[in-house]
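Engineer: Line by line, the protein sequences are chains A and B. Position 83 (the first sequence) corresponds to 83 in UniProt numbering; numbering is contiguous. Position 243 (the second sequence) corresponds to 243 in UniProt numbering; numbering is contiguous.
Take these hints with a grain of salt, some might be off.
With a cut-off of at most 20 Å between alpha-carbon atoms, the simulated EDC-like pairs for lysine to aspartate or glutamate come out as follows [said to hold, decoys possible]: (1) 431/B / 369/B; (2) 394/B / 142/A; (3) 332/B / 20/B; (4) 16/A / 46/A; (5) 394/B / 86/B; (6) 16/A / 95/A; (7) 431/B / 4/A; (8) 16/A / 369/B; (9) 16/A / 57/B; (10) 394/B / 146/B; (11) 108/B / 131/B; (12) 332/B / 420/B; (13) 431/B / 347/B; (14) 91/B / 317/B; (15) 394/B / 369/B; (16) 16/A / 242/B; (17) 332/B / 347/B; (18) 332/B / 15/B; (19) 431/B / 13/A; (20) 394/B / 179/B; (21) 16/A / 427/B; (22) 131/A / 142/A; (23) 91/B / 57/B; (24) 431/B / 9/A.
To be clear, the hints were calculated from the coordinates, so they are not data collected in a lab.
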Amino acid sequence: MQLDQLYQEIILDHYKRPHGRGLRDADHSGDRVAEAHHVNPTCGDEVTVRVATDGTVLHDVSYDGMGCSISQASASVLHELLRGRGTGEAFEVHEAFVELMSGRGQVTPDEDVLGDGVAFAGVARYPARVKCALLPWMAFKDAAARAGVGVSPEVTA
Amino acid sequence: MTSIAIPEGMPQYDDVPRFDVARVRADFPILNREINGHPLVYLDSANTSHKPRQVLDVLDEHYARHNANVSRSVHTLGTEATEAYEGARAKVAAFINAPSPDEVVFTKNSTEAINIVAYAFSNASLRPDADPRFRLGPGDEVVISEMEHHSNIVPWQLLCERTGATLRWFPVTDQGRLDESGLADLVTERTKIVSLVHTSNILGTINATARITARVREVGALLLLDCSQSVPHLPIDVVDLDADYIVFTGHKMCGPTGIGVLWGRGDLLAAMPPVMGGGSMIETVTMARSTFAAPPARFEAGTPPIAEAVALGAAVDYLTGVGMRAIQWHEKELTAYALEALGSVPDLRIFGPSVPVGRGGTISFALGDVHPHDVGQVLDSLGVQVRVGHHCAKPVCTRFGVPAMTRASFYLYTTTEEIDALVTGLEQVRKVFD
Numbered sequence: 001m002q003l004d005q006l007y008q009e010i011i012l013d014h015y016k017r018p019h020g021r022g023l024r025d026a027d028h029s030g031d032r033v034a035e036a037h038h039v040n041p042t043c044g045d046e047v048t049v050r051v052a053t054d055g056t057v058l059h060d061v062s063y064d065g066m067g068c069s070i071s072q073a074s075a076s077v078l079h080e081l082l083r084g085r086g087t088g089e090a091f092e093v094h095e096a097f098v099e100l101m102s103g104r105g106q107v108t109p110d111e112d113v114l115g116d117g118v119a120f121a122g123v124a125r126y127p128a129r130v131k132c133a134l135l136p137w138m139a140f141k142d143a144a145a146r147a148g149v150g151v152s153p154e155v156t157a
Numbered sequence: 001m002t003s004i005a006i007p008e009g010m011p012q013y014d015d016v017p018r019f020d021v022a023r024v025r026a027d028f029p030i031l032n033r034e035i036n037g038h039p040l041v042y043l044d045s046a047n048t049s050h051k052p053r054q055v056l057d058v059l060d061e062h063y064a065r066h067n068a069n070v071s072r073s074v075h076t077l078g079t080e081a082t083e084a085y086e087g088a089r090a091k092v093a094a095f096i097n098a099p100s101p102d103e104v105v106f107t108k109n110s111t112e113a114i115n116i117v118a119y120a121f122s123n124a125s126l127r128p129d130a131d132p133r134f135r136l137g138p139g140d141e142v143v144i145s146e147m148e149h150h151s152n153i154v155p156w157q158l159l160c161e162r163t164g165a166t167l168r169w170f171p172v173t174d175q176g177r178l179d180e181s182g183l184a185d186l187v188t189e190r191t192k193i194v195s196l197v198h199t200s201n202i203l204g205t206i207n208a209t210a211r212i213t214a215r216v217r218e219v220g221a222l223l224l225l226d227c228s229q230s231v232p233h234l235p236i237d238v239v240d241l242d243a244d245y246i247v248f249t250g251h252k253m254c255g256p257t258g259i260g261v262l263w264g265r266g267d268l269l270a271a272m273p274p275v276m277g278g279g280s281m282i283e284t285v286t287m288a289r290s291t292f293a294a295p296p297a298r299f300e301a302g303t304p305p306i307a308e309a310v311a312l313g314a315a316v317d318y319l320t321g322v323g324m325r326a327i328q329w330h331e332k333e334l335t336a337y338a339l340e341a342l343g344s345v346p347d348l349r350i351f352g353p354s355v356p357v358g359r360g361g362t363i364s365f366a367l368g369d370v371h372p373h374d375v376g377q378v379l380d381s382l383g384v385q386v387r388v389g390h391h392c393a394k395p396v397c398t399r400f401g402v403p404a405m406t407r408a409s410f411y412l413y414t415t416t417e418e419i420d421a422l423v424t425g426l427e428q429v430r431k432v433f434d
């Protein structure tokens with residue numbers, strides 16, 4: 001059934017049992033901490049992503065928000081994939097996720113790069129839901145920029 | 001539902017006008033579609049309605065046989081197009097019992113219709129010689145309500161910003177009704193215009209306006225009713241309603257997109273300054289200044305949506321043929337059925353009136369903690385089309401403490417079987433997100 005492609009078990013797991021949810025203060029002294037709050041004006045979903053980094057490593061990527069299963073599961077996956085990562089690596093993952101979501105279902109994801117993020121391949125076939133999946137990732141990008149790290153390609157979806 | 005015996009000599013239940021829903025459905029080609037392998041169950045008519053063959057044919061026929069610009073050609077096609085366009089205006093006027101077709105201004109939609117009124121106020125406020133009814137400044141007030149569509153909020157916020165007037169609003173009760181308890185304090189001598197939704201697009205509430213109208217008259221203000229969700233669904237008589245303006249849109253009443261209506265009392269329209277300038281709205285133009293045509297032309301600058309207006313006329317004919325009283329009753333029965341059926345779904349919370357009285361066939365709800373986007377997605381996989389989100393009425397969502405709602409809305413072609421499909425679909429949603 002089509003619906004299974006969208007609501008993969010991995011997505012529902014992250015939605016029902018989110019990883020690392022809740023905004024946290026910096027653990028490492030000297031880290032720059034910045035956050036960004038993004039909303040999807042068409043549905044009212046919102047998410048805040050906070051980044052703590054020394055400029056080289058993302059010591060924490062924490063988040064809070066409310067919204068649909070796709071946007072909230074995506075935030076959980078974002079946290080899991082990027083927390084503790086070097087900034088360069090993190091932005092490669094970010095780029096891969098954005099590419100996957102902008103691919104209208106034509107992009108084959110690399111599990112080594114995207115981990116649980118590959119479960120979102122099915123979401124890319126639902127144009128109305130791509131924004132839900134990208135919401136935390138776009139908030140992350142802004143938060144990271146405010147913390148003084150990284151840029152990544154603009155989304156065209 | 002319980003049935004009670006109505007005494008002889010009183011109007012009987014069977015006296016209510018009815019129509020054959022299956023025959024009506026046969027007029028709508030799109031209803032034959034399948035969605036994701038299931039028959040289409042379209043429960044989003046408050047968003048936009050479908051169009052019957054009779055309307056599609058008129059649209060096609062206009063372009064195929066009568067296409068020309070209006071109000072400026074002496075040739076045959078121009079005359080035919082103008083007659084069709086003005087004929088549609090007369091049909092729309094008759095449909096809402098307007099005293100004159102000249103009181104019907106064709107617009108793009110309800111949003112544009114409200115903006116015309118708001119900008120007329122704005123323009124009048126800049127001119128000391130303008131009619132004082134439209135002049136706004138600091139100390140003056142505009143009154144709306146918490147249950148408005150954004151299109152009846154934002155234009156007034158912008159108007160108040162431009163003029164220094166103050167925006168005030170009626171609150172909404174827990175039952176989703178307009179809270180009129182503060183009417184006397186809210187609508188006062190300072191009030192210049194009250195702009196209210198007649199039927200809420202999100203709660204389904206039909207507002208009883210008599211008390212408000214009386215107060216508006218008492219203080220000498222004007223009253224605009226947003227009838228976008230009522231003109232398509234029940235008989236509307238502007239004389240009876242005693243408003244100063246009503247607005248509605250064609251695409252929600254079996255007509256095409258791109259055509260809406262501003263109805264205004266003739267003397268008011270005549271006293272309003274123009275809003276958009278251009279062709280067709282003038283009397284004479286010199287390089288230094290212009291004078292303006294009488295309404296409705298004054299408010300229809302540029303080439304109007306001609307085919308759309310003509311097709312709206314066909315939609316009005318179609319609805320009249322079925323009978324607005326019958327459509328109203330059909331939807332009342334559907335609403336009663338749906339409220340009961342949805343009430344049987346565990347963890348389902350209805351926003352707005354829970355009884356089929358003083359409400360229309362638009363029902364918003366929450367299903368446990370499942371986000372409306374997810375509800376809508378699972379329903380779509382079963383062919384059931386509902387709207388999810390804030391329904392362009394974010395203050396209502398805030399009022400009820402939710403970021404979004406799921407909304408099912410009915411029309412003349414909706415059946416009880418479709419409501420059953422919705423309820424079955426909601427069981428599926430619960431399974432996926434349990």
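Engineer: Find the hints from earlier in the document that the structure breaks and name them by number, from lowest to highest.
Structural biologist: 2, 5, 6, 9, 11, 16 and 17
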